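Spelled out, the chains give:
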Amino acid sequence: MILYCARFDKALSPFMSLSLADVEKVARLARLAMNDEELKAAQSQLNNIFGLIAEMQAVDTKGIVPMSHAQDVAQRLREDKVTETNQREAFQAIAPQVEMGLYLVPQVIE
Amino acid sequence: MLNYSLTQLGAAMRAKKISSIELTKSYLDRISKLNPQLNAFITLNPEVSLAQARAADARLAAGNAEPLTGIPIAQKDIFCAKGWLTTCGSKMLHNFVSPYDAHVISQFNNAGAVNLGKTNMDEFAMGSSNETSHYGPVKNPWDTARVPGGSSGGTAAAVAARLCAAATGTDTGGSIRQPAALCGISGLKPTYGVVSRYGMIAFASSLDQAGPMGRNAEDLALLLNTMAGFDERDSTSLQRDKEDYTRDLNKPLNGLRIGLPKEFFAEGMGADVAKAIDAAIAEYKKLGATVVDISLPNSRLSVPVYYVLAPAEASSNLSRFDGVRYGYRAPEYGDLADMYEKSRAQGFGAEVKRRIMIGTYVLSHGYYDAYYLQAQKIRRLIAQDFTEAYKQCDVIMGPTSPSTAFKLGEKGDDPVQMYLSDIYTIAVNLAGLPGMSIPCGFGANDMPVGLQIIGNYFDEARMLNVAHQYQLATDWHSRAPQGL
Amino acid sequence: MTWEIVIGLEVHTQLSTNTKIFSGASTEFGAAPNTQADAVSIALPGVLPVLNKGAVERAIKFGLATGSHIAQRSVFARKNYFYPDLPKGYQISQFDLPVVGQGALTIQVEPLSGNAKPYEKTVRITRAHLEEDAGKSVHGDSQGVTGIDLNRAGTPLLEIVSEPDMNSAAEAVAYAKALHSLVRWIGISDGNMQEGSFRCDVNVSVRKPGQPLGTRREIKNLNSFKFMQQAIDYEVQWQIDTIENGGKVHQATILFNPDTGETRAMRSKEDAHDYRYFPDPDLLPLEISSEWIERVRETLPELPQAKQARYVNDLGLSAYDASILTASREMADFFEAALGGATGQAKICANWIIGEVSAQLNRDGLDMTQCPITAQQLGGMLQRIADNTISNSGAKEVFRTMWAEGGTADAIIEAKGLKQVSDSGAIEALVDEIIASNADKVAEYRSGKDKLFGFFVGLAMKASKGKANPAQLNDVLKKKLAG
Numbered sequence: 193m194i195l196y197c198a199r200f201d202k203a204l205s206p207f208m209s210l211s212l213a214d215v216e217k218v219a220r221l222a223r224l225a226m227n228d229e230e231l232k233a234a235q236s237q238l239n240n241i242f243g244l245i246a247e248m249q250a251v252d253t254k255g256i257v258p259m260s261h262a263q264d265v266a267q268r269l270r271e272d273k274v275t276e277t278n279q280r281e282a283f284q285a286i287a288p289q290v291e292m293g294l295y296l297v298p299q300v301i302e
Numbered sequence: 026m027l028n029y030s031l032t033q034l035g036a037a038m039r040a041k042k043i044s045s046i047e048l049t050k051s052y053l054d055r056i057s058k059l060n061p062q063l064n065a066f067i068t069l070n071p072e073v074s075l076a077q078a079r080a081a082d083a084r085l086a087a088g089n090a091e092p093l094t095g096i097p098i099a100q101k102d103i104f105c106a107k108g109w110l111t112t113c114g115s116k117m118l119h120n121f122v123s124p125y126d127a128h129v130i131s132q133f134n135n136a137g138a139v140n141l142g143k144t145n146m147d148e149f150a151m152g153s154s155n156e157t158s159h160y161g162p163v164k165n166p167w168d169t170a171r172v173p174g175g176s177s178g179g180t181a182a183a184v185a186a187r188l189c190a191a192a193t194g195t196d197t198g199g200s201i202r203q204p205a206a207l208c209g210i211s212g213l214k215p216t217y218g219v220v221s222r223y224g225m226i227a228f229a230s231s232l233d234q235a236g237p238m239g240r241n242a243e244d245l246a247l248l249l250n251t252m253a254g255f256d257e258r259d260s261t262s263l264q265r266d267k268e269d270y271t272r273d274l275n276k277p278l279n280g281l282r283i284g285l286p287k288e289f290f291a292e293g294m295g296a297d298v299a300k301a302i303d304a305a306i307a308e309y310k311k312l313g314a315t316v317v318d319i320s321l322p323n324s325r326l327s328v329p330v331y332y333v334l335a336p337a338e339a340s341s342n343l344s345r346f347d348g349v350r351y352g353y354r355a356p357e358y359g360d361l362a363d364m365y366e367k368s369r370a371q372g373f374g375a376e377v378k379r380r381i382m383i384g385t386y387v388l389s390h391g392y393y394d395a396y397y398l399q400a401q402k403i404r405r406l407i408a409q410d411f412t413e414a415y416k417q418c419d420v421i422m423g424p425t426s427p428s429t430a431f432k433l434g435e436k437g438d439d440p441v442q443m444y445l446s447d448i449y450t451i452a453v454n455l456a457g458l459p460g461m462s463i464p465c466g467f468g469a470n471d472m473p474v475g476l477q478i479i480g481n482y483f484d485e486a487r488m489l490n491v492a493h494q495y496q497l498a499t500d501w502h503s504r505a506p507q508g509l
Numbered sequence: 025m026t027w028e029i030v031i032g033l034e035v036h037t038q039l040s041t042n043t044k045i046f047s048g049a050s051t052e053f054g055a056a057p058n059t060q061a062d063a064v065s066i067a068l069p070g071v072l073p074v075l076n077k078g079a080v081e082r083a084i085k086f087g088l089a090t091g092s093h094i095a096q097r098s099v100f101a102r103k104n105y106f107y108p109d110l111p112k113g114y115q116i117s118q119f120d121l122p123v124v125g126q127g128a129l130t131i132q133v134e135p136l137s138g139n140a141k142p143y144e145k146t147v148r149i150t151r152a153h154l155e156e157d158a159g160k161s162v163h164g165d166s167q168g169v170t171g172i173d174l175n176r177a178g179t180p181l182l183e184i185v186s187e188p189d190m191n192s193a194a195e196a197v198a199y200a201k202a203l204h205s206l207v208r209w210i211g212i213s214d215g216n217m218q219e220g221s222f223r224c225d226v227n228v229s230v231r232k233p234g235q236p237l238g239t240r241r242e243i244k245n246l247n248s249f250k251f252m253q254q255a256i257d258y259e260v261q262w263q264i265d266t267i268e269n270g271g272k273v274h275q276a277t278i279l280f281n282p283d284t285g286e287t288r289a290m291r292s293k294e295d296a297h298d299y300r301y302f303p304d305p306d307l308l309p310l311e312i313s314s315e316w317i318e319r320v321r322e323t324l325p326e327l328p329q330a331k332q333a334r335y336v337n338d339l340g341l342s343a344y345d346a347s348i349l350t351a352s353r354e355m356a357d358f359f360e361a362a363l364g365g366a367t368g369q370a371k372i373c374a375n376w377i378i379g380e381v382s383a384q385l386n387r388d389g390l391d392m393t394q395c396p397i398t399a400q401q402l403g404g405m406l407q408r409i410a411d412n413t414i415s416n417s418g419a420k421e422v423f424r425t426m427w428a429e430g431g432t433a434d435a436i437i438e439a440k441g442l443k444q445v446s447d448s449g450a451i452e453a454l455v456d457e458i459i460a461s462n463a464d465k466v467a468e469y470r471s472g473k474d475k476l477f478g479f480f481v482g483l484a485m486k487a488s489k490g491k492a493n494p495a496q497l498n499d500v501l502k503k504k505l506a507g
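Protein chains in written order, with the working numbering: chain A, 193 to 302; chain B, 26 to 509; chain C, 25 to 507.
FYI, nobody ran anything at the bench for these hints, they're computed from the structure. All values derive from a computational prediction rather than experimental measurement. Please note that a few of the clues may not be correct.
No farther apart than 30 Å at their CA atoms in a straight line, the calculated lysine-lysine pairs in the DSS-like style are these [said to hold, decoys possible]:
#  : chain 1 : residue 1 : chain 2 : residue 2
1  : A       : K273      : C       : K77
2  : A       : K217      : C       : K160
3  : C       : K160      : A       : K273
4  : A       : K273      : B       : K107
5  : C       : K486      : C       : K502
6  : B       : K267      : C       : K145
7  : C       : K244      : A       : K217
8  : A       : K217      : C       : K272
9  : A       : K232      : B       : K436
10 : B       : K267      : A       : K273
11 : C       : K160      : B       : K107
12 : C       : K244      : C       : K201
13 : B       : K116      : C       : K103
Please build the complete structure, drawing on both the sequences and the hints.
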């Protein structure tokens, strides 16, 4: 196991580091507000983590079928029958902002 | 009675030596005394628990009790329980009183068990030390300056400190097994698909499984009997014949072939851990087992593969937390984008945000093939290694964790160091296999050491048998932290 | 300077299942906000999707009806983006492996202007996949807030993607209409465009013939064929003008404003969405066996194309008439029921339906399903025309009465005395009488005043109280007037 620990040194890592712009883009995609300080901290942490991941990329996986699920089973189908009842009151009792049965959010402009 | 097994407790209740109300009250008392030191519980609802206990006593009196009827069980705060605050260890759900029951919770309710309270955990199950919880870290009952492990740290601590009769956890990369090892208790992660995930807040959907945690294998078997089973609301829940997981507990172990992967016994494991594991293997030989050297060559890649796949799935699973329909919404914001960004930035902790970022990145345009797809392919290789290995052995063993419990804050600054705590457990989740940890001695700083037992698909009954026989011959599992 | 227009369509059609694609919540239209939004629809923590068999069946039907490849194994994928009407923060859709693959739809195109005749065209279908619909945004009275209704979230959609095979607004509209007709025909969608059951996104680009494809812009959410045509026309002209003025067309999502007749780019914040598609780990691969496909095939009605061919080949109708009659299953069913076994009357029956029936429906603002007369009633009337009981004008009155008041043809004919006189003896006697009483006019006619023929017809009609069989009367008059 110690074999790959040495590769966490960024200098040896084949991984291309994330730029600050990359981090900013990812934060935006993920809807996470970050100030400059936080972005910088995230950048160095993420680069460390990607150093960990880098070794995986060099492995030859030609012809291997990706494994999405543990079991080789097909999707089960549900009968097209109504089973759910109106639970609006219960569900909206825990909502941040509702009015007339609608969830309210800041106005969306197309 | 604190050291009674579930079977003994059930018998005592049926013999009217103790009632469920008395049992529940005594645990609630103990919790109020000891939880402030340990922080194992996030939410208690004594009135609700006692009402369940009352109903259980009525069932016991009527003679239609099940093995778990009246038994107070702690539930990891990742399971939605109707009417209960369900936080998942996060500020994001600080006010989420669940309007429905998870399948696992329903199973326990139907069995007449008592919900003793919701246990603390790493935020959204992301962590190996229970230090990322918004509700404060959990302390290891053996040494409160040390971590209990994670993400099911609250559960592990509660069981070790005898704050409950038994409990539930979830395991995505080791989150049942590793805290079980660090707290000297037993825990089992079933084969993927055996326990329904409906109502279990998702971290990494293709890896998450719920499982029992308790003081011995026999208890785990009883808990699994209640937890396991098909649920039509979970597409990944398997339709299989009902099993009684206690059925093989008493089989002798003669002829058992134990595979020892050389990769699990290489450098990286502490000498103290190695010593305890070796002693456990020796004990198994005495019980009639033989040892086979095997290799899991691709397991060395499990950590990087996991840290691509799990964050990828998590980044998507956690997108529903946006402050619109439930949960935390930032008190001040401008437009919609601002509301999303602030609610999520304020609602999620640092580790969760890190993983969301990793996940978002590895799925993003241009990187999918190199990271996500590559990881899924290597995952197949890792699973194939196990399939090969099981041609030569019946179960696989090794250490659960490379070290005993570390100090709180010790791995704080470097997430990567924390991720390495899972090197022995992760491959099991990637393959979807069942895995257990049972106590097998003590190591550095007199802290517990856990032995990991990995079974082939659907081989839980045999694993429990293997664990139980060891627990009949040894007493590591009966040890309790001093002074509690 | 001729420009080639290149158009592709992406149509989202809501499937007519009782429940949502991934949960057992009702899909009935018009419920109060969020009363059909179950735990799965509002994406509570911990909930999971389970696939609706009815949605899959409808996808199979579509694949069969368009001769498309039906994947025996397809995969659901997550399309990740944030929007308040998308509760999970991702839409469950299909990406790499859709349930339906390549197919085609043959359409009849009516050029919108000029004297060109209708022509046939085959539009290739790239794929069709299953996915879930999003909720609805409601812009209410309160300032600065939008209300979200998740009743619609999770309704099954079939997204049908065409190749960019269309080259004019007329072709695009014809394709959209044919598709609309088809999904209703095979019963997989009610196609109600006002309710949002059938939504079209149109990708438009222009290029000089022989040049590579131009940059396309996508006109979103068109829910009327009229607007589709207007939008395409405007957009095409806009693109041509832009290029001819030295500008560049940039990829954009655009909306059509029916009030101004213009298209404009949406307020799209940043660069193109990065949806980060990956296979949904909560769903397993969908497997469709050949046995299931065959069982579904047996439930399919005769498809429009087959019917059209039969109408032309067996019933002798024109291709145009056949295409009108097969525009909807209701009309085709009505036609066939009215015709019954009297296949010799196919042309007349077709004329009445395409003519009078359609005109009346239009006038009254009804569609075929609300037709006040039954196919049997019409069929009865057609028989009385065929057996000469009534004349054409008599039929018109029967029809009018039937439509307004109901009743069978026979009852109306009886009540209003509309039986025409076709008895040749009676007609000859009548004509003899008229000739006898109008000798001078007869003489004038015989000396060359042909126009007087109408005079005699009028007299005969008056004398017979309008019941003389006009054709027969004409023959007898001609013969007897000739002398």
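To see whether the hints hold, each was checked on the structure:
no.: 1; hint: K273/A x K77/C; in the structure: holds (10 Å)
no.: 2; hint: K217/A x K160/C; in the structure: holds (28 Å)
no.: 3; hint: K160/C x K273/A; in the structure: holds (23 Å)
no.: 4; hint: K273/A x K107/B; in the structure: holds (25 Å)
no.: 5; hint: K486/C x K502/C; in the structure: holds (18 Å)
no.: 6; hint: K267/B x K145/C; in the structure: violated (58 Å)
no.: 7; hint: K244/C x K217/A; in the structure: holds (27 Å)
no.: 8; hint: K217/A x K272/C; in the structure: holds (27 Å)
no.: 9; hint: K232/A x K436/B; in the structure: holds (20 Å)
no.: 10; hint: K267/B x K273/A; in the structure: holds (27 Å)
no.: 11; hint: K160/C x K107/B; in the structure: holds (28 Å)
no.: 12; hint: K244/C x K201/C; in the structure: holds (17 Å)
no.: 13; hint: K116/B x K103/C; in the structure: holds (27 Å)
The structure shown violates just one earlier hint, number 6.
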